[in-house]
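Next come the chains, spelled out residue by residue.
There are 2 protein chains.
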Amino acid sequence: MSVTAARGFEASGVVAGLKSTGLPDVALVVNRGPSSAAAAVFTSNRAKANPVLWSQQVLADGVARAVVLNSGGANCFTGSFGFQTTHSTAEAVADALEIGAGDVVVCSTGLIGTGDQAFRDKVLAGSRAAALALAPDGGRDAASAIMTTDTHPKEAVVQGDGWSVGGMAKGAGMLAPGLATMLVVLTTDADLPAAALDRALRQATRVTFDRLDSDGCMSTNDTVVLLASGASGVAPAEADFAAAVTELCADLARQLQGDAEGASHDITVEVVNAVSEQDAVEVGRSLARSNLLMAAVFGNDPNWGRVLAAIGTTQAEFDPYDVDVSFNGVRLCAKGAPDRPVTEVDMTPRALHILLDLHAGSETATILTNDLTHDYVHENSAYSS
Amino acid sequence: MSVTAARGFEASGVVAGLKSTGLPDVALVVNRGPSSAAAAVFTSNRAKANPVLWSQQVLADGVARAVVLNSGGANCFTGSFGFQTTHSTAEAVADALEIGAGDVVVCSTGLIGTGDQAFRDKVLAGSRAAALALAPDGGRDAASAIMTTDTHPKEAVVQGDGWSVGGMAKGAGMLAPGLATMLVVLTTDADLPAAALDRALRQATRVTFDRLDSDGCMSTNDTVVLLASGASGVAPAEADFAAAVTELCADLARQLQGDAEGASHDITVEVVNAVSEQDAVEVGRSLARSNLLMAAVFGNDPNWGRVLAAIGTTQAEFDPYDVDVSFNGVRLCAKGAPDRPVTEVDMTPRALHILLDLHAGSETATILTNDLTHDYVHENSAYSS
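Chains A and B supply the protein sequences, listed in that same order. When you line the first sequence up against full-length UniProt numbering, it's residues 1 to 385, in that order. When you line the second sequence up against full-length UniProt numbering, it's residues 1 to 385, in that order.
Calculated from the structure, these hints are not laboratory results. Check the hints yourself; a few may be wrong.
Given that identical chains are not distinguished, each listed pair holds provided it fits within a single copy or across any two copies.
As the list claims (entries may be wrong) - Restricting the straight-line Cα-Cα distance to at most 25 Å, the calculated cross-link-like pairs of lysine to any residue (SDA-like) are:
(1) Lys335 with Thr246
(2) Lys122 with Gln56
(3) Lys335 with Ser80
(4) Lys335 with Gln84
(5) Lys19 with Asp301
(6) Lys122 with Gly336
(7) Lys122 with Pro338
Could you put together the complete structure from these sequences and hints?
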């Protein structure tokens, strides 16, 4: 149900001919109200796609009534023609729903540089068809239509006291800090103003999607949008709401990690006893960014030397000769010297837990990442995105 | 001839049993004088190996008489026992040559965490054997003994006016900014003081080894050392000497790039019209660090969209919508929009030239890198280093 789990929402997913596979490729999520409060976060990449440039303006007033999403083309670096395509897409949806185009968020994903007249024609026709296909149980259709190299739709729901929040996500590669190549739509029937939604969303993404770093690459199109219908008539405490949104985003982030392109390990890097949370994040991320370490994990090699070589490149406050490194509960390095034999570590499960004790402070952070595999190289050399 | 091309030097390479292949694995380079001026640069990784910690102290007074190098073990994160091994190695060489241990540079390469009693015994015996095997034409033997995953020894010589400078290098992976996993010994018979050698070496490495970024990973053991014998009796102008050292380092850097682990393309990223040289370096490096782009290159896909997505993550001063991108002379993107069709680019040669015109200033920089291939993943998952 995902985006249609909360009251006040309808959704759809239709075939617009953008995907060569003939699978659904345009999705629409509509907020029927009574509230139309909304918030969003976007890629921190300076190279932003046209839909991001457009949607940032849509969200400026904290109001959005619909989100239209297409796969099969990122509409990024497509010139002024591409921006006009995004604008026309919002207008097509607005006309069909009898709302203003300035309340329509647009998201696109696919190959950068794709956005010619044929693309525009298909997106516009698909948007109109999606408006006609809207249904109160259309969440799964929408979640399927936004898939690119994803192997399955990603949905989750968290129940509050008299209200709920649900969501869908796409993105199986290019996962990086400041958001992944990832489109996420969250919907809630809680009745909260846009400013509260914004605070909850930023709090949630900071510790979930922003700490998912599959391959260090950052997309041009990342968008996470939260729509509130207020249809429950319930105004939850902000802390409760933020906790639910965080739980929801954590669930979706784990689903994205588990479906990362070509990955054979889902890696949880836990950094403890750092001087600051920022230090812990930087140290954890340096592991996620080390091709040498991530290739070793693919080979089931618990290469703690590559861990230390990676963290030595950071600015974080710690002594490299006072660090403990554990793989799946086995401490292989204590205070910068060999400890237990590497043969004690079982690297065969898909889940891998790397624990780094910096012995420098009391702060902690967890980064989610994936290994570097033959399949990652294959998918990203054979598939243009 | 490499390190024995200049007058006043002897070298050797011997089998110490550190490599499982039985190939030579301990090298020695000795400066017979009359001068013993020296300079060096080391990894900027905070996780420094014992030989680096030792050799930094050796070079503090600008004097070095010998460099002993072993493959088959990095002697990094091996505790105080490991540091003692480095110290003993310098003493073994010093005793054999009747010089002070404080004038012996030690370099190691191989698996981090390797440095037990058996390792120490082999390194010490190998160092003594290497001293007995010294020869005026031993350069090639030394260059061979420092190889790890290198497929061939790397040597170069540049002739000055009455003097020369030559060198050897190892390192076929982990090439990264702030030096690669790379051991380089340069020798000259020019008669220059340590301060002049230091200036020339830093000037040369800044624009050569520091701009070679194969996989973004930085080693714990990188060392580039320059020894001057003064045996020519010629004191060249500093500018001439620095130019020769730069030419030599550029030659060796290209050899390292051409032998990078598993690579199928040697990529020259040329960034022009940047506001500053630092901006140009940052932009060029962002391409070298993009796994998505480097996998696309492996697949012969001139994916200019991934170029723009990569540079958008930098702090450099430019407008992403005012950038031109060319692959092998074909401009695929002009001012952030598609230009020539990608089918016009021939990606099959090993050499690839990516030109980025930022249209922001007048500074330029060139970064050397390699693509991300199945073989890279294979070598770095199967081989522990």
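If the cutoff is 25 Å on CA atoms, where do lysine 122 and glycine 336 land: within, between, both or neither? Let me know, please. between (58 Å within a copy, 23 Å between copies)
My question is about lysine 335 and threonine 246: at a cut-off of 25 Å on alpha-carbon distance, are they close within one copy, between copies, both, or neither? neither (35 Å within a copy, 39 Å between copies)
Checking an output row: lysine 19 and aspartate 301, CA cutoff 25 Å. Within, between, both or neither? So lysine 19 and aspartate 301 pass the 25 Å test across copies only (20 Å; inside, 38 Å).
I want to check one pair: lysine 335 and glutamine 84. Are their C-alpha atoms no more than 25 Å apart within a copy, between two copies, both, or neither? Between copies, since 17 Å is at most 25 Å while 58 Å is not.
Have a look at lysine 335 and serine 80 and pick one of within, between, both or neither, based on CA distance no larger than 25 Å. Close across copies (11 Å), not inside one copy (56 Å); limit 25 Å.
How would you label the pair lysine 122, glutamine 56 (within, between, both, or neither) given a Cα cut-off of 25 Å? within (24 Å within a copy, 64 Å between copies)
How would you label the pair lysine 122, proline 338 (within, between, both, or neither) given a Cα cut-off of 25 Å? between (59 Å within a copy, 20 Å between copies)
This entry does not satisfy hint 1, going by the numbered hints stated previously; all others are met.
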